[in-house]
Amino acid sequence: MITDQTVFATTATVLFFLGLFSMFYSRNLLKTIISFQIVVFGANLALFSSGLGHASNLMANTLVLFSIVVGASVEAVALALIVLVHRAYGTLDPWKIRRLRH
Amino acid sequence: MTEVALFLCAALLVTVIAAIFSKSISVTVIMLFYASLVLGVIFTIYQAVVVGLLHITMFAGAMSVMLMTVVLMTGESKLDIGNRKLAALLAAITILIVAASSYSLFSGTSSLPQSPSQPTEGILAFVWMFRPWDLLILIIIFAAAMIGVVNLLSKEERA
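Those sequence lines, one after another, are chains A and B. So in numbering that gives the first Met the number 0, spot 2 of the first sequence is number 1, and the numbers just go up one at a time. So in numbering that gives the first Met the number 0, spot 74 of the second sequence is number 73, and the numbers just go up one at a time.
Rather than coming from a laboratory, the hints here were simulated on the basis of the structure. Being a predicted model, the structure only gives us computed values, none of them experimental. Glycine residues also receive a C-beta, built at the ideal position from the N, C-alpha and C atoms. Don't take every hint at face value.
Derived DSSO-like pairs (lysine-lysine); straight-line CA-CA distance at most 27 angstroms [unchecked claim]:
(1) K84/B with K22/B
(2) K30/A with K95/A
(3) K84/B with K30/A
(4) K95/A with K22/B
(5) K22/B with K30/A
Incomplete in silico selection of chain B near chain A, CB under 7 angstroms [what the hints assert, rightly or not]:
(6) A4
(7) M65
(8) M67
(9) I139
(10) F141
Put together the whole structure using the sequences plus the hints.
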């Protein structure tokens with residue numbers, strides 16, 4: 000029987016791997032950050048689904064809260080770095096940036 | 000309740016796939032905004048209201064605005080949807096999400112099964128007891144990130 004927990008866990012896994020796939024294959028740093036956000040979404044949903052229907056629901060919520068704040072902080076710093084990289088190299092393509100560095 | 004979960008998960012997957020595979024960064028950011036909104040609604044419907052609201056505020060609000068700002072600063076993409084049909088579709092999705100969440104929130108009781116205590120309950124209770132420390136760590140992480148961002152962006156002006 001399909002439960003809510005199963006649905007959420009499956010969706011979380013799909014989100015996680017979609018984000019990971021996109022992170023590896025994107026040719027734009029902005030898209031890489033967006034993919035990272037999708038990975039964070041997957042992790043949040045997995046944490047949340049792990050606590051569904053258990054007495055430890057509050058604990059799962061706490062972990063999701065922690066994950067949200069850490070994910071947002073990492074993303075804010077990464078976006079600031081992207082702005083600096085764009086100012087320095089004029090592009091957001093990681094391959095071009097690597098070539099321009101040498 | 001499973002139908003609502005299925006519908007919301009399908010909406011989440013559709014928005015995420017559209018965000019990943021769209022060629023325009025502005026469409027990607029808009030789709031990501033919708034994905035954050037749907038995930039926030041999932042949390043809210045399943046009785047994690049604080050988490051849901053924080054998620055919507057943080058990701059659908061702050062992070063979307065930051066992404067839009069970076070897109071504008073770097074000039075990577077025109078911030079133009081360019082198609083009225085697409086705009087109408089996005090508006091319809093928003094209305095559907097709001098309607099689904101309103102229905103679930105105001106339709107009465109939603110019962111989640113409560114299982115008996117787990118073997119890990121002792122550890123979890125210990126962590127829960129030190130919840131203020133957890134909040135303090137969160138504030139420190141967030142403040143450190145903001146100081147880092149301000150420092151990174153002000154470096155060029157000083158040089």
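For each hint given before, does the structure comply? Return the numbers of the non-compliant ones in rising order.
When the structure is compared with the hints, numbers 8 and 9 turn out to be violated.
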